[in-house]
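Asks: These are the residues of each chain, in order.
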Amino acid sequence: MALKRQAVQWPWHGLLVVILLGLAIGLWVATKQVNYQWRWERVPQYFAYQEEEPQTAPVAGIVTRISPAGDTSEVTIQPQPDGAPVTLTVETATLKVAVGAPVSAEDEIGATRHWRIGPLTLGLWVTIWISFVSGFFGLIIGLITGLCRIAKNPTLRGLAVLYIELIRGTPLLVQIFIFYFFIGTVLHLDRIVAGIGALSLFVGAYTAEIIRAGIQSIPKGQTEAARSLGMSAAETMIHIVLPQAFKRVLPPLAGQFISLIKDSSLVSVIAITDLTKSGREIITSSFATFEIWFTVALLYLAVTSVLSQLLFWLERRFARSD
Amino acid sequence: MIEVNRLIKVFEGRGQIVRAVDDVSTQVAKGEVVVIIGPSGSGKSTFLRCLNGLEEFDDGQVIIDGIDIAGSKTNLNAVRREVGMVFQHFNLFPHKTVLENVTLAQRVVRKRKAAEANEKAMALLTKVGIAEKAQEYPSRLSGGQQQRVAIARALAMDPKVMLFDEPTSALDPEMVGEVLDVMKQLAREGMTMAVVTHEMGFAREVAHRVLFMDAGKVLEDAPPARFFTAPTEPRAQAFLKQVL
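Those protein sequences? They're chains L and G, same order as listed.
Be aware that the first sequence starts at 13, since it is given in our numbering, and climbs by one per residue.
Be aware that the second sequence starts at -13, since it is given in our numbering, and climbs by one per residue.
Bound-form chain L, shown alone (with noise of 0.2 Å):
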């Protein structure tokens, strides 16, 4: 008799599954509570859709020639009372006039279609990369302000202590408030910057103590080893401390970036057209509230999910040296 006994799984593997059945049921009935129409279809045309452009006469004349490929089809005009062929091309299924027909000037002939890309899209596009910016500046100010608050110098220290107490003790929204109605009147900053400014703010100050827990995790004889072989301060830092610090923080580090993503939902209030403004414009065109939000959702999680398992592979990585 083995002490140790395989349990077996496949119960609760089934418990699983019946209680996710039992929330989607749940979730259908109450659907159905409210007499909610699901219009699931109109939800891809906010990705990407397709405009039509009218094309019109350019000259007064007679359709000479019609000749079709594939969807589309080329208009030949033969101007009145005289001059050369002009040629148009336009979508088949769009075509408004026959072989022979007389046409003046400005008539619609039929219209091109282009690929747009739609305010999803964009709203997605913006949310990423005013993410990725803030995230940027965040890196570099909780750098800055984590090696200040253990610095030897009191007023360095001072200074890096009251910024993060202030912005860790004061709500985002807030934050972006003061930062777009207060300081962007003041300098005269974009929404874009001042945006981007208060999360740059808020995510230094959560990534200053990161870093700073990270750097005073690592043991004084690394330090000691370092000076030792008579290495400056700053040298010690830059190829010691640091990339051990680094290594070690990224797990939380991440969670920090994953949480900067989610929140940059909240400079829409500043009416920064991010994937959450979008939605709530989307959503007074098309009325379907539900699955736009739900979309909304999916793909903030899509994100977070891409950038998790980015930072994960980059954990692997440098766990070479345990």
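Hints in this document: simulated from the structure, not taken from any laboratory.
A couple of the hints might just be wrong.
Each pair of labels, with its calculated beta carbon distance range [said to hold, decoys possible]:
1. L:Pro264 to G:Gln121: 29 to 35 Å
2. L:Pro263 to G:Lys146: 43 to 49 Å
3. G:Glu219 to L:Pro263: 54 to 60 Å
4. G:Ile53 to L:Gly170: 33 to 39 Å
Even glycine gets a Cβ: it sits at the ideal position worked out from N, Cα and C.
Please build the complex by placing chain G on the supplied structure of chain L, with the hints as guidance.
Replies: Frame of chain L, contents of chain G only:
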């Protein structure tokens, strides 16, 4: 090579004042091997760490190769280049390979080219008998191997003095010998060394002088032959009775 005048180091904490190094004066000549022994808490490690300024001392003077390390115009980093140190817990850089451990300071501090630093590092790793592990990370090495890498790392700076702070205390017994062999070889080659250790055999065999410290003071300063056979201080006699 090393001159110490009336060195005082005081630790303060929880209302207590400990005179870890209490008015110590001594000197180490070029090529001399001085072994410092004494009971734990006697201040021998603190004394050694004062010699390269890792410990900021309160009073007195440490002169390395004619330079007062506490002087207002002294560049302490420049002094430390000339003073190698080996620690009890090795303190290898875990995120660097063995080779990188030995080349890093050469390149950063001595500004040597990569090829030159690598060549020097491989020569030293061969000397301490560990060249085949050059591409490994320190975590893959045994304690004795790590300590030999640490010695190579210090030697790569071409130091004029080597300080050893209980280099074998954290090692499994069967690994002590390999580290001591490297140190003996260094001593034979004429390196100036100050060694804090509990290895009495090493002291007897290699040391030119033995310093016995207790409560921050140097109580005995004698050649090993005399120290181990006829110590004058009662505390040294008691200590030797315990360890021999």
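Asks: Compare the structure with each hint and give your call.
Replies: Hints, one by one, checked against the model:
1. L:Pro264 to G:Gln121: 29 to 35 Å: holds, 31 Å
2. L:Pro263 to G:Lys146: 43 to 49 Å: The hint (43 to 49 Å, Cβ to Cβ) holds, given that L:Pro263 and G:Lys146 are roughly 44 Å apart.
3. G:Glu219 to L:Pro263: 54 to 60 Å: holds, 55 Å
4. G:Ile53 to L:Gly170: 33 to 39 Å: holds, 36 Å
The structure fails none of the hints (numbered hints given earlier).
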